[in-house]
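Novice: Listed below are the residues making up each chain.
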Amino acid sequence: MKFFHYFNFILIILLLVFICVAEDSVVSNSLSEIQTRCYQLEEMIERRDDLKNTEMTLAVDNLEYVWTRDEKNMCFLVNHKNIQEIGQEIAKLKLYIASNDIDAFKVSIEEIKFYCHSYLHFMGANWHNVL
Amino acid sequence: MLTIIIRSIIIYLIVLLVFRLMGKRQLGQMQPFELVLTLIIADLATIPMAEVSVPVLHGVVPLLTLVVLHFILTLISRSSHFFSKIISGKPVIIVNPKGIDYKAMKKLNLSTDDIFEALRGAGYFNISQVQYAIMETNGKVSVMPKAEYAPLTNGDLKTNADESFLPIVLVSEGKIIKENVELANISQGVIEDIINKNSKGASVKDVLLLTLDRTGEGYLQLKKGEGKTITAKKVVGV
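Protein sequences, first through last, are from chains A and B.
So the first sequence is residues 1 to 131, counted in this note's numbering.
So the second sequence is residues 1 to 238, counted in this note's numbering.
Hints are not guaranteed to be accurate.
To be verified - According to the in silico footprint, chain B covers these stretches of chain A (three or more CB under 8 Å from chain B):
#: 1; region: 8-21
#: 2; region: 66-77
To be verified - Take a look, some chain A residues computed to stay more than 12 Å from chain B by CB distance:
#: 3; residue: GLU33
#: 4; residue: TYR39
#: 5; residue: HIS80
#: 6; residue: LYS81
#: 7; residue: GLN84
#: 8; residue: GLU89
#: 9; residue: ALA91
#: 10; residue: VAL107
#: 11; residue: GLU111
None of these hints come from the bench; they were simulated from the model.
Quantities reported herein were computed from a predicted structural model and do not represent experimental measurements.
Heads up, the beta-carbon is just placed ideally off N, CA and C, and yes, glycines get one too.
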């Protein structure tokens, strides 16, 4: 019985470690990928100076696909309210392509980058976050 | 809404598990750190239950962390007397043969009413009957009466009293408790015989409670009827 008691607690500690590692891995990988794709979108705008093209549409579709895929996993680990703005801004990107609004498109990309960066900062275990 | 229902079930089961892992102490018997833990757990459990955007893990992780912390604190308290005193405090004598210890009373933030309430709870309505009253670390007051007011025991009378034994519940609410029947080492037929002998025409289904101890003494109450003390052969094997 005593062994079972200790076994339970070791199991709980291992589970907690696993959750911490999984959170760090899933969230940082997903947000880093979104950030990278945002940088790629920015480069495309610099090159073409026009939103209404297949390359841009495909890139935004891919961004949306990646976000939808990762968001499901992230919802197990993070508060949905903290990351929902990223999804909203990605949805706006599609509208800006349709209206060819480059300035608003750039602002949205900046916002996505900002949310990703701030959540990555917020997630880390450091004294500022702990206290 | 279905999400909230499922979440509530999950959280409920986890909190139940947490309390099972923490032990079986009742609220009044908790040490200070256990009480703090219980209050935090109650609060933590409600957040993911009501807020759908918060992952269930945000409730589960702190709960499990607290279980681990509790386990570690208990382990250290058991192994170190000094640490145990820091975490749980130490028993304090609040009434001694000279009367109420006013210094201790103030230190524990007690009033004379609190002391009287505790003494009454222990069965002593007059403080002059009390030799010592000790405030335990879990907040309970233990009372030692003066010799002249102490309950009389068989030892005082130097009489040879029979040992008393724990009665075993054999039938409860019309159902035979198989585990206890095995413990008593008797058969179902014997139980039916006892019921039949003491309440004619009654079966196991009609019985509210049947207990029996090692000496053969027991208690039988039918669902429709009054309870009575019964005597059976010394059938109980423990």
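Novice: Which numbered conditions among the earlier hints are violated in the structure presented, ordered from lowest to highest?
Specialist: Hint check: 5, 6 and 7 fail, others pass.
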